[in-house]
Structure formats: structure tokens, C-alpha cells
Amino acid sequence: MPNSYQNVLAFIFAIEEINKNPQILANISLGYEFHNFLYSHWRMLENSLSMLTGQNEIPNYSCRRESKPVAVLTGTLWPTSAQIGTLLELYKFPQVTFGSFDPMLRYSGQFPSVYQVAPKDTSLALAMVSLMLHFSWTWVGLVIMESQKGLQFLSDVTGEMDRNKVCVAFVKMVSTLLVSYAAFAKEHIILTKETSQVNVIIIYYDTDILNDVNYSIEQYLLTGKVWVTNSQWHADMTGKNFILNSFHGTLIFSNHHEKIFGFKTFVQEANPSKYPDDFYLTVFWFNNFHCSFSDSDCSLKDCTPNASLAWLPVSHFDTAMTDRSHNVHNAVYAVAHALHEMLLQQAQWPPLGNKEVMVFAPWQLHPFLKNIQFTNPAGDQVNLDDRRKLDVEYNILNFWNFPEGLRFKVKLGTFTPHVPHDQQLSLSDDIIEWATGIMETPRSICSESCYPGFRKSPQEGKLACCFDCTPCPENEITNDTDMEQCMKCPDDQYATIQQNHCLQKSDTYLAYEDPMGKAMANTALSLTILTAAVLGVFVKHRDTPTVKANNRALSYTLLISLTFCFLCSLLFIGRPNTATCILQQTIFGVVFTVAVSTVLAKTVTVVLAFKVTAPGRRMRQLLGYVAGWRVISVPGFLWSVSITSVASCGDMRRDESRAEDDFPATT
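Read in order, the letters of the sequence shown are residues 635 to 1301 in our numbering.
Heads up, some of the hints might be wrong.
Here are the simulated DSBU-like pairs of lysine-lysine, each with C-alpha atoms no more than 35 angstroms apart in a straight line [stated by the list, open to error]: (1) K1023 x K726; (2) K1043 x K1245; (3) K654 x K1122; (4) K1152 x K806; (5) K1152 x K1174; (6) K893 x K1043; (7) K1174 x K908; (8) K654 x K1152; (9) K799 x K1045.
These aren't lab readings, by the way, just hints derived from the structure by calculation.
Predicted model only: the values in this text are computed from it and were never measured.
Work out the full structure: start from the sequences and follow the hints.
What follows is the structure, given as C-alpha cells:
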């Protein structure tokens, strides 16, 4: 009752503010009446008919003589607004709801006469998932009201969780019907053995009648859990539970709105003597102060004239305006501004009776309600057009539960959906009071993180958040936690023993500056010059009998190949690069093969020459043919050997590449 009664006080406060404001409905006073719509279908219809007729439940007949309501404010449940709206829609009667925003009321097209004053809360799922990511919570349970809006929130939050790789450990749908505690405890046990490792649970409410959820949590002493919920949630504030209360440390997402000046003072001054016709205030006063303002009641002491609701602890009555009370305040102002605009556009209205009461049909207010947009006394922009509503900004509150009923909601930060993604969440982690028994930021994960050097390996039949950690293969690494794939090191790098990063392979080579490098280079150049000099002598004396007898063509080939062999030594000296690494083995293999083949050819020629010296030998007859074969076939043989050598060198190069993968050094 305390939470609901604050809505009544906010309603009266707004009416009195408007009646005192000469800028709105000047010289016109707003009146009001209350109807208690119980959680019963026939009671809702009965009270709706009573409101329309003014006396009896007679359809299409009004007993009112002077005044009629021009609009109805309803809340807080969607079924309530829908039930009442079905009847009011027959008369095109304006209905303004102050419950949380529900897209079904407008987008279904069934209730064109229903207006929602609450801002959109379609970013609630994104806000909650952003909080999960902030604390690296990837294993989260869901307890959601079983209603159309609850199902919509379930779809939104699971979608956001999937996109951000946060897993749903379990989902418990809670019926909106009033059930006994025993039945609830039997069918809705929040945590089971399968979900015992879940440390973070989201509770989504859109009604005040789900207290059985709270009772169940209290009964099973589910401490050590972090509860994340929306502003509609409230714990049982009437008892003096000790600090081990299960809801200590709960994180609450509440709609952000500016403070309305004067409301707290108004609440502090409200008492039964000021509003003698308010039956609920009298009962509430009696239950908390145990006194009476009635002179005829001698069994109770008289109430202190200066007694105030501010004297009560927050656990009994919170004077700070709630989200719904703020919506009630805006709803009254929306109707008042619509009336004001309508009066400005109409020249005169027909009076009735004493000519002091203005009479018009309620349906005439619709065009003005649809287009109304104003700034409330707190400075917030308010409009009833769902298409122009902005996503609401959220305050993140921390519920503190201390002994002797000392309970507070402390603001930790905000979530703003219409700013860059990395700036949406602002949170003061250092002032958070976690659940009882938790001294540091709690963890809620299915599997421990895989450190660098390991990759995630999914567990068969389980969600993505449940995985094993597998070491990376040889020469592959992971340099971050929870990586799904290992990365292979480049060819010029190798993996560390921990396999968490790649190291550059060291180049070991013979430099020209080294003594051995200088000696090898000088020797190669000297032998090259010497061989070139001999080649020059042979070329100069190429027509002499000595050169001719020494097989001039083969001698040229041998000297040239030896020259290149000595020059190939220079490819093995100095810092290697891609070109030198390829040419080292290939060129040396070719020229060395040519040199050896030439020596072999010269040897064969000498042997054949001695064989033909004996008279009558057939070899003598073949010498001419051998000479021709030497001129024609030996070059082809040399080329064949050379091509084979190149192919062999290519195989050698591939073998060396495999060897370099096993050893960090290259030559």
C-alpha cells in the first residue's frame, strides 16, 4: 500500500499545483475522483460503468447533473488498462496510463483512445547486458513475469545476450496470477542444483503482486547472489530483517527524471486532518502512528498536529518520488495542457446548471492529447505520441539493507542509450555494496577463462560459455584470453614456450666484417682472378697446338664454371635475403655440376685417346665418331645434368624450409 498510495499523493499534488498556476487553465479548477479497480474482471467492468454513469452500473445512461470526467488515468498493469480500455473505447473516452511503457497498447491498434505517458524503456535489455559486460558476467539466470510484456523483454534481453556472447543459464517464467506461497514455492524454486553456480540473476517485474518471488528467495536464504532488476521491483520493506537479507546489494535500473520541487514538502504536510475524506490515508495513519483525528474515538489518543509521513522510516514510506508517481504527475499535467489548448481554440463552451461548470464531450479532447508536448515543472520533456518518445535514460541504484530496517537506494551511475556505445554506461564501482558475504566484484561464469597459449574448445551439447581450454598446436599462439582460434607465427618468427607470442628468428650469418668472412671473400676473389687469368691465356693462345690438344671447348667450359664456383662463395657471405637464399644453392649446384661434368668429359676423352693407339683396333675407327658425339652429346648431357641439379636444389630448398620451422636460426 505505501508504494501505491504515493501515486495518489502525486496525483493530488499535481492537481493542486495546476489549480494554483495562473498559466494553465486560468480561472478554471480541476476536480477529480478515485475508483479502486480490484484485480477482478467483473469488478473492473462494474467500477468502469459506475464511473461512466455516475451512480449505477447502467450502460449508456448518466446520472450526473453537473460534471463528468474528461479523461481517465489508469495503471499500473497492462491487463487493467486493456480491460478498462475495451469499455471506454466504445465511448471514445480518453484514457492515460501511468504504468511502464507497453508497445502492445498502441501498436496493436485496438486501443486508439489509450495514451501512455511513460517514456520508452526499450533499451532496458541493452542497459542490463552492458552492465553484464562491464563486470564480465557471462553466465546469467532470468526470472521474468509471465505476460506479454515479460515475453517481449525475454526476447529483447536474450537477443542482446546472444550478440554480446553472454549465456542464459536458466529461465524461470513467473505467473502474474495471485497464488499461494506454498504453491509458488513448490513450482518456482529459483535455484536448483543445475543452476547453483549462477551468481547473477535478472528479475523483471511489471507488477507489484509478485511478492511471492521475494518470499521464496528469502525462505531459501539465497544469499551471495547479485540480483539485477528494473524499477518496478521492490523488496518487502516492512520488517526489520538483519543484514543477511538476500536482496542486499541488488542493482536496480530506474528511469532517470529530474527532481520535482515541492513534492517532498507536500508529502510531509499531508495528514488526515488536511484530507478528511481520504479513507486510505486515515487507515495508513492509524497503522503507523496508532492515533486518531476523530473526536468521537475515545479509545485512541489524539494524533499530534505536526505528525508527518516524514517521521516514518524509509522501509515504511519513502517520500522520494518513484517512477510511477512521476508518471502520474506527468499524466495529470498532460490532461491539463490538452484542456488548456482546447479552450484556447474554442470561442465559448455551453454552460450547464449554475453556469459555472463547463461541459463538453470527452472525445473532443483526443486531437489535443495526440499532439500535446510540454515541459513539466522539473524541466523534463513530455509527449504522448509514441513515435516521438525517446529511449529513457536509466539511473543505476544499489539497494542497501542494514539492521533495524535501515534500507537505502544509492545511485551508482547512469546508462544513456542515445550516446556513443563506449560512453553509454557510467558507473562508480568503488561505492557498490555487493551481496552479503561478497567482499569483491563477484564472478558469474560457466567455465574459467582460457589464458594466452590456450584456445576455447566447445563442450558438446552445452552453451558457448561452457568450454574447455586446449593448448595451441606447435608454432601457434593466442595472445589474449578466451580466444577461439590459435594464430600461426610468420615464417620468420617462432612461438615461445608459453605460446603466448611470437619471437623473431635470429639471423646467424658470416659477415664481411668478420675475420673469417674477409678471409673467405679474399680467397674467393683471388681464385676467381686466377681462373679468369688462365681463361684469358687460353683464349689468347686458342689456335696453338697445346690449347687444341687440351680440348679447347671443354677447357673453356671448365674455366668458366670454376670462375662462377668461386664467385658463388660470395653469396654465402653477408646478411641473407630472399634472393640470396634462393640463389645460394641453385647457382652453386648448377655451375659445380657443369665443372664436374666437364672434368669427367675431359677424362673420357683422354682414355679414348690412349685406347685408339693400338693398330687394328676398332676404337681407332670410332674416334672420329666419338669426337662428333663429344661435340654434340656432351653439351646435351651437361644441360640434362644441370636441369636435374636445379630440380634437386629445389627439393633441397624445401627440405631446408621444413628444417627452419624446427630451428629458430637461419643461415
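These are the hints, each one checked on the structure:
1. Simply put, K1023 and K726 have alpha-carbon atoms about 23 angstroms apart, close enough for the 35 angstroms limit, and the pair holds.
2. Taking the CA atoms of K1043 and K1245, the gap is about 116 angstroms. The hint is violated against a cut of 35 angstroms.
3. A threshold of 35 angstroms between alpha carbons decides the hint, and for K654 with K1122 the separation of about 76 angstroms lies outside it, so the pair is violated.
4. For the suggested pair K1152 and K806, the alpha carbons sit about 81 angstroms apart, so the restraint of at most 35 angstroms is broken.
5. The hinted pair formed by K1152 and K1174 meets the criterion: a straight-line CA distance of about 33 angstroms does not exceed 35 angstroms.
6. The straight-line distance between the Cα atoms of K893 and K1043 is roughly 16 angstroms, inside the 35 angstroms bound, and the hint therefore holds.
7. Only pairs whose Cα atoms come within 35 angstroms are accepted, and K1174 paired with K908 is rejected, the gap being roughly 134 angstroms.
8. A hinted pair counts as satisfied when its Cα atoms are at most 35 angstroms apart, and K654 with K1152 does not qualify at roughly 104 angstroms.
9. In summary, the hint linking K799 to K1045 is supported, as the alpha carbons are separated by about 28 angstroms, within the 35 angstroms threshold.
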